[in-house]
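Undergrad: Between the sequences and the hints, there should be enough to build the whole structure, so can you do that?
Each residue of the sequence shown is one higher than the last, beginning at 1163 in my numbering.
Please note that the accuracy of each hint is not assured.
To be verified - As a list, the in silico DSSO-like pairs of lysine-lysine whose alpha-carbon atoms are at most 30 Å apart:
hint: 1; residue 1: K1201; residue 2: K1366
hint: 2; residue 1: K1272; residue 2: K1366
hint: 3; residue 1: K1213; residue 2: K1272
hint: 4; residue 1: K1366; residue 2: K1213
No lab work stands behind these hints, which were simulated from the structure alone.
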Amino acid sequence: MTDDLPPLGRVLRERRAHHGWTLADVATMTGISASTLSKIENGLLSPTYDKILQLARGLGVEIADLFATGEASKPAVVVARRSVSRQHEGQRLDTEFYSYTYLCSDVAHKRIIPIRVEVRATEPEQMGALSSHVGEEFVEVLQGRMRLYSDYYEPIELEPGDSVYLDSTMNHGYLSIGDQSCVIMVMCSSATPNLAQTLREIIKQRILEEQARPAPKA
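TA: Right under this line is the structure:
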């Protein structure tokens, strides 16, 4: 029966059973009502990103752990992992001017985070403040043209097939230039085990900044 549930519902139910938690226990830990948790478990509700983040924080796990099952939810002890993301697959998080698709998200505790990003921001105001995080970053332009902003360097324009490697502890950001949105492949790497969670926190902050931004005057 549980095999028919969405990954998140199945993982949540398995974690509760493993720890002997009731729905009320998890509700207290996460601040999400027991009725909402029950709907998530039974595949009757697809939680928003805010709820997923709230759930991960309350349970003390990474978001990726909520979409992994069995051994995939534990630290790897054998170097034999493999994950395939087909076209149009992945965990997608959208802001007004950026769409982030996390690939191979079923592998927990990985040190490389692959993200396909659609950049729709064409003005610095849309991009918002430059951001930074631990680790290093490799970016390749797949479609369209992009302008990369970062500390210490002049902005640089990149075209399809161009790539750049940078220390992501520098503040940095991306803008699309030209007539179409830009699609890039971003590979973030760090020895920090919670890098994926850190990156999602940055996206969450971007969403909050976009929501707080005054609407353009007519």
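Undergrad: Evaluate each hint against the coordinates.
TA: Status of each hint after checking the structure:
no. : hint          : verdict
1   : K1201 - K1366 : 24 Å, holds
2   : K1272 - K1366 : 21 Å, holds
3   : K1213 - K1272 : 23 Å, holds
4   : K1366 - K1213 : 12 Å, holds
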